[in-house]
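Student: Sequence:
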Amino acid sequence: MNKDILELCQWVMKKTLENGASDCKVSVDKRRFVDLNYRDRKPETIKEATTQSLWLNIYKNGKYSAQGTPDLRKTTLEKFIEKCCENTDFIEKDPFRTLPEKKYIERQLQKDLNLFDSSISQVSTDQRHQIAREIEAACIEKGGDKVISVEAGVNFTERERVIVASNGFENGFKITNCSAGASMSAQGEGDRKPSDYYWISTRHMNDMPDTAFIGKSAAERTLQLIGAKKLPSETLPIVIENRTVGRLLW
8 MNKDILELCQ WVMKKTLENG ASDCKVSVDK RRFVDLNYRD RKPETIKEAT
58 TQSLWLNIYK NGKYSAQGTP DLRKTTLEKF IEKCCENTDF IEKDPFRTLP
108 EKKYIERQLQ KDLNLFDSSI SQVSTDQRHQ IAREIEAACI EKGGDKVISV
158 EAGVNFTERE RVIVASNGFE NGFKITNCSA GASMSAQGEG DRKPSDYYWI
208 STRHMNDMPD TAFIGKSAAE RTLQLIGAKK LPSETLPIVI ENRTVGRLLW
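Take the position in the sequence shown, starting the count at 1, then add 7; the result is the number in the working numbering.
Incorrect hints may have been included.
Claimed, not checked - With a cut-off of at most 20 Å between alpha-carbon atoms, the simulated EDC-like pairs for lysine to aspartate or glutamate come out as follows:
id, residue 1, residue 2
1, K181, E25
2, K181, E55
3, K200, D214
4, K181, D214
5, K181, E165
6, K223, D152
7, K32, E89
8, K200, D133
9, K223, D203
10, K237, E196
Note that these hints are calculated values from the structure, not bench results.
On a predicted model such as this, the values are computed, not experimentally measured, just so you know.
Using the sequences and the hints, build the whole thing.
Tutor: If you want it as structure tokens, here you go:
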């Protein structure tokens, strides 16, 4: 856990309680990401950014508020904390919104869940471009003369978060995410232009499948849609594809 971020969270918690809060929770989130997309064999978008934010949850006299800021300077945070506490006074009471009792968090689990891959930061710009190009090329090759357009891309994200609460909770985590995939639109029957995609995300770079597999999978999924016909209206059981379950539950 980043000691500087932890100390900042502890300082914010102390100041919030001094400004009249009954309880509070502070979280600081730092994130770095790189997005790279190719369309029709040319780079379309390239984004690289580092972001940071602090979120302050205040519990004051049976009232609750949550407010955030990207400015982590203490001189600015002092005014931010004061204003947050003042704003909480104008909110309707929510007496059932509280932090967990201390007895429920006394045995905090400290275990490495293997969510962080330090090698992601070593991936060069040329390597990112190469991955995207290989995925796009595999998709175009598999799609053949049915291809109208192909888009391929990669995303690498590193994130660190620290959480401190006035009930004694202190913890944090570091995670990485590698994503790569492609989408394709094809010439179908008549004026139909079916499209589909294949994207995959992993925590570790070594767990990513072969670029050819990713590109071919996107093309195969699209080609399977050619010739699809509209069914008559009827009541049927719903079958949910595994890759969509996360979005339904989130």
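Student: Each hint needs a verdict: does it hold in this structure or not?
Tutor: We went through each hint and held it up to the structure:
no. : hint        : in the structure
1   : K181 - E25  : 30 Å, violated
2   : K181 - E55  : 19 Å, holds
3   : K200 - D214 : 33 Å, violated
4   : K181 - D214 : 18 Å, holds
5   : K181 - E165 : 7 Å, holds
6   : K223 - D152 : 14 Å, holds
7   : K32 - E89   : 15 Å, holds
8   : K200 - D133 : 33 Å, violated
9   : K223 - D203 : 12 Å, holds
10  : K237 - E196 : 13 Å, holds
Checked against the numbered hints given earlier, the structure breaks hints 1, 3, 8 and satisfies all the rest.
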